[in-house]
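Number of protein chains: 2
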Amino acid sequence: MKKKRDEKVSCCEIGGRKASAVRNRSAFYRHKGEMCWRGVRDEPYKPEAGGWSRIMRRVLVGGRGESAKFHVRYFEIAPGGNSSLERHRHEHVVICVKGKGVVRMGKSKKQMEFMDTVYISPDTVHQLVNPFEGPFGFLCIVNAKRDRPEVLG
Amino acid sequence: MKKKRDEKVSCCEIGGRKASAVRNRSAFYRHKGEMCWRGVRDEPYKPEAGGWSRIMRRVLVGGRGESAKFHVRYFEIAPGGNSSLERHRHEHVVICVKGKGVVRMGKSKKQMEFMDTVYISPDTVHQLVNPFEGPFGFLCIVNAKRDRPEVLG
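Protein chains in written order, with my numbering: chain A, 2 to 154; chain B, 2 to 154.
Careful: at least some of the hints might be erroneous.
What the hints assert, rightly or not - Across the chosen pairs, the derived CB separations fall in these ranges:
hint, chain 1, residue 1, chain 2, residue 2, range
1, B, G64, A, F133, 28 to 38 Å
2, B, G81, A, V152, 30 to 40 Å
3, B, V152, A, N25, 19 to 29 Å
4, B, G34, A, K110, 18 to 28 Å
5, A, L153, B, R88, 41 to 51 Å
6, A, G81, B, D124, 42 to 52 Å
7, B, R88, A, G81, 42 to 52 Å
8, B, V60, A, E114, 19 to 29 Å
9, B, G34, A, F133, 43 to 53 Å
10, B, G135, A, G52, 41 to 51 Å
11, B, P132, A, R149, 18 to 28 Å
12, B, R55, A, G51, 47 to 57 Å
What the hints assert, rightly or not - To be clear about the criterion: a stretch of chain A counts as covered by chain B if any three or more of its residues have a C-beta under 8 Å from a C-beta of chain B, and this derived list gives those stretches:
hint, stretch
13, 28–42
14, 57–70
15, 106–116
Stated by the list, open to error - Residues of chain B placed beyond 10 Å of chain A at every Cβ, according to the derived structure:
hint, residue
16, G51
17, R58
18, G81
19, P123
20, V130
21, F133
22, D148
23, L153
Don't read these hints as lab results, they were simulated from the structure. Backbone N, C-alpha and C fix where the C-beta goes; we use that ideal spot for every residue, glycine too.
Turn these sequences into a full structure, and let the hints steer you where they fit.
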């Protein structure tokens, strides 16, 4: 019965729990495969359009009132897609966990594959791009309190 | 020639660069396989003994003067090993990336496999254990400024 119910709902969903009910409590997010987690929903990459395409977001830690000074998000870029080309004061840590893609940091462009990790320091122009045939998925860790990005293109 | 040189050095090492030379610069850590990264060295889990065994640490972000409000570390527990049973004010996020293990959080014990993710809230007693046959590897993200753990056993 349980399996049948799971088939009816989207891959990543809140599961009916109110965020306020689990505010800053310890939590376990079971990976269901394909970078979907029980209790974690799909979200748009950003609320507004602008220079990005074919990318989505799953917030693992940071959307439920957690007190940690950082947020942990998973992003996935479909073939041909890209994040915004942007710059901001806050740092990024990006860890590739699915497929492969390209990270632009300043003047450098590097291919990223499984577990390749980048630290993007303040004010470094950066962008994640997927010129390959399969999806490119990565963890992105940021400060909980951060400035708004300047979108460059 | 390059490959031959790599064979002579340990799996994870600093590569001769002084930490001060790369202070808060953007950086790319290429994954060399088996959860070893170019430019990231093996370290002991903790400087002092006490309640832990068969566990080691690789600091991806946090040991080079980065300004981010968080640190990203990789830990690996060999079969039969465990982290300290401990409690502290700061939060943990743990993401399993290799093998499988068990996380204890308060009274709960859960098996962790690839990409299973836990948020451990302040003052929750916790421990990571590997009762399985292969190595158990996980990312652990913490606040850069954090209190000293109280080791319970």
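Verification of the hints:
For B/G64 paired with A/F133, a C-beta distance near 32 Å keeps the hint of 28 to 38 Å intact. Take B/G81 and A/V152: their Cβ atoms lie about 50 Å apart, and the range 30 to 40 Å is violated. Roughly 24 Å separates the CB atoms of B/V152 and A/N25, a value that falls within the hinted 19 to 29 Å. Here the CB-CB span from B/G34 to A/K110 is close to 23 Å, well matched to the stated 18 to 28 Å.
The hinted window of 41 to 51 Å between A/L153 and B/R88 holds, with their beta carbons roughly 45 Å apart. Range check, A/G81 to B/D124: about 46 Å between beta-carbon atoms, so the 42 to 52 Å window is met. Taking 42 to 52 Å as the suggested C-beta distance range, the pair B/R88 and A/G81 conforms, at roughly 48 Å. Between B/V60 and A/E114 the beta carbons are some 21 Å apart, a value that agrees with the proposed interval 19 to 29 Å.
Checked against the hint of 43 to 53 Å, the pair B/G34 and A/F133 fails, with Cβ atoms roughly 20 Å apart. Between B/G135 and A/G52, the C-beta spacing of about 43 Å keeps the proposed range 41 to 51 Å intact. Take B/P132 and A/R149: their Cβ atoms lie about 46 Å apart, and the range 18 to 28 Å is violated. The hint said 47 to 57 Å for the Cβ distance between B/R55 and A/G51, and at roughly 49 Å that hint holds.
Figure legend: the stretch 28–42 of chain A, annotated as covered by chain B; annotation consistent (7 residues with Cβ-Cβ distances under 8 Å, at least 3 required). Against chain B, the stretch 57–70 of chain A contributes 6 residues with a C-beta closer than 8 Å to a partner C-beta. That satisfies the three-residue criterion, and the hint holds. Residues of the stretch 106–116 of chain A with a Cβ under 8 Å from some Cβ of chain B number 7, which satisfies the need for three, so the listed coverage holds. Interface exclusion of B/G51 from chain A stands, the closest Cβ pair being 23 Å apart, more than 10 Å.
The non-interface label for B/R58 is consistent with chain A: the shortest C-beta to C-beta separation is roughly 15 Å, beyond 10 Å. At the 10 Å boundary, the C-beta of B/G81 stays outside the reach of chain A, the nearest C-beta of that chain being 23 Å off. The beta carbon of B/P123 sits about 6 Å from the closest Cβ of chain A, which is not more than 10 Å, so the claim that it is off the interface is violated. With 10 Å as the threshold on Cβ separation, the claim that B/V130 sits away from chain A holds: the shortest Cβ distance comes to roughly 15 Å.
The Cβ of B/F133 sits about 17 Å from the closest Cβ of chain A, beyond the 10 Å cut-off, so the non-interface label holds. Every Cβ of chain A is farther than 10 Å from the Cβ of B/D148; the closest lies at roughly 13 Å, confirming the non-interface assignment. The non-interface label for B/L153 is consistent with chain A: the shortest C-beta to C-beta separation is roughly 16 Å, beyond 10 Å.
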